Every structure is written in C-alpha cells, then in structure tokens.
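Trainee: Numbers given in the working numbering equal positions in the sequence shown, counted from 1, plus 61.
Simulated from the structure, these hints should not be mistaken for laboratory data. Remember, it's a predicted structure, so these values are computed and weren't measured experimentally. Mixed in with the good hints, there may be bad ones.
Capping the alpha-carbon separation at 30 Å, the derived lysine-lysine pairs in BS3-like fashion look like this [said to hold, decoys possible]:
{"#": "1", "residue 1": "K108", "residue 2": "K182"}
{"#": "2", "residue 1": "K108", "residue 2": "K239"}
{"#": "3", "residue 1": "K263", "residue 2": "K162"}
{"#": "4", "residue 1": "K162", "residue 2": "K205"}
{"#": "5", "residue 1": "K263", "residue 2": "K182"}
Distance windows between CB atoms, simulated [unchecked claim]:
{"#": "6", "residue 1": "G214", "residue 2": "V82", "range": "44 to 52 Å"}
{"#": "7", "residue 1": "E178", "residue 2": "E123", "range": "16 to 24 Å"}
{"#": "8", "residue 1": "S135", "residue 2": "S166", "range": "17 to 25 Å"}
The C-beta atom is built at its ideal place from N, Cα and C for all residues, glycine as well.
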Amino acid sequence: MNIILLGPPGAGKGTQARHLVETRGMVQLSTGDMLRAARSSGTEMGKKVAEIMDAGKLVTDEIVIGLIEEQLTSQKGAGFIFDGFPRTLAQADALAALLGKLGQSLHTVIEIRVDDEELVKRISGRFTCAKCGEVYHDETRPTKAEGVCDACGSTEMVRRADDNEDSLRTRLMEYYKKTSPLIGYYYAKGDLRPVNGMAEVKQVTASIEAILG
C-alpha cells in the first residue's frame, strides 16, 4: 500500500505518518529527510546533492525521483508514505511513472484539510522536544511540567524559526500556488480522500484508518 499525504504546512502530516509507521509498519519517505541523508552519505548522488544545496540551488526533480527510487527498491515495509512529495503536477507525473516502472501503484491520496486562520494560531505556539520529536503547544498542549517533555523527560525544547505568523502565511501561499493543483489532479483520478485536519489528532487518525481499511 502506497499513499500520499497532502496538506499545507502544519496540517499534521508528520504526526499521522509517524502513527502509520508505528502501527502498520509502513515506511515514511520525507524528501527533506532523504536529501539530508543523501548529503551526508558520501555517495555519488550524495555529493551531487551537497554541491547543489551548498550553492543555494534547488535540487532537481530528477534527483529527488532518483532518491525515491533508491528507497523504494532498498527499503522493506508494508508500503510507503509520501510526505512532502509530490509538490507539483510534474512531480506527480514523475512519481506515477516511477511506480509503474517498479510494478507498484498508488493506493490513495489523503488530503488533510485545515482552516488557514486556525492553522496560524496552532502553529504559532508550537514547540518540539529535540530528543524524541514530541510536539507541544503553548496554549492547547503545554508540557505537564514546564520545559520537561512528557514522553521522554528531556528538557531540550526547540521552536522552528519559521513557526511564526508571517513565515507561515508565506509558506501557505507557496503551498496553494504550487501544490494545491494536485488536489484537482488526484480528484480527477479518483484517488483523493479528504479528512478534517482541524479535528483532534485521534479523530484525524481514526478518519485515515477508516480510509485505509
């Protein structure tokens, strides 16, 4: 089973992907993680990625597809979760071609729908445990003991530099300009399944589980 998680920054794609990894044994393919891993791998592909990124340029779709192909052919699991890819229609076509080449298919595309204004409030107060990745919020989910992670006890908390209102609105605009056409693309193919991303995390999880069966 191969799925795509679609949704704007902060919609909860990472949280839902982690759940599917833990409960279903799926493999999460995050382009950001793959690029960072490739950059430090020392392989020929990794050197190429490092050279491009160090020059401040964008990594080409061809390279990203190459990295995804490496993962699809080397990783073992109960399917793959594409998180952060595809971002454009050209990438969607390239992914479809790659899956066809490998004799695989796309099971479904889950769109996590959110309200922009509520999302800004949600993200602006977000912080994360640097050790285990548990996510908290100043208002809606503070740590039980101030500055101490409920999950692992670490006192190392971090906030993303771009988790502020101005940065988030810029990222949302970028998402809607480049990525939202994918919603129509996958709807036309009959692959799109929307869920309410503004619900409680457990409710979003239950909705996704119901879709996947």
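Trainee: Verify the proposed pairing of K108 with K239, using a straight-line Cα cut of 30 Å.
Mentor: 28 Å, holds
Trainee: So does E178 sit 16 to 24 Å from E123, Cβ to Cβ?
Mentor: 38 Å, violated
Trainee: Indicate whether the distance between the beta carbons of G214 and V82 respects the range 44 to 52 Å.
Mentor: 23 Å Cβ-Cβ, so the 44 to 52 Å window is violated.
Trainee: Straight-line Cα separation of K263 and K182 no greater than 30 Å?
Mentor: This hinted pair holds, its Cα atoms lying about 20 Å apart.
Trainee: Checking one constraint from the list: CA of K263 to CA of K162, max 30 Å. Satisfied?
Mentor: 36 Å, violated
Trainee: Could you grab the alpha-carbon distance between K162 and K205 and see if it respects the 30 Å cut-off?
Mentor: With Cα atoms ~50 Å apart, K162 and K205 exceed 30 Å; violated.
Trainee: Verify the proposed pairing of K108 with K182, using a straight-line Cα cut of 30 Å.
Mentor: Given pair K108, K182 is violated - Cα atoms ~39 Å apart, limit 30 Å.
Trainee: Regarding S135 and S166, is the given constraint of 17 to 25 Å on their beta-carbon distance met?
Mentor: 19 Å, holds
Checked against the numbered hints above, the structure breaks hints 1, 3, 4, 6 and 7 and satisfies the rest.
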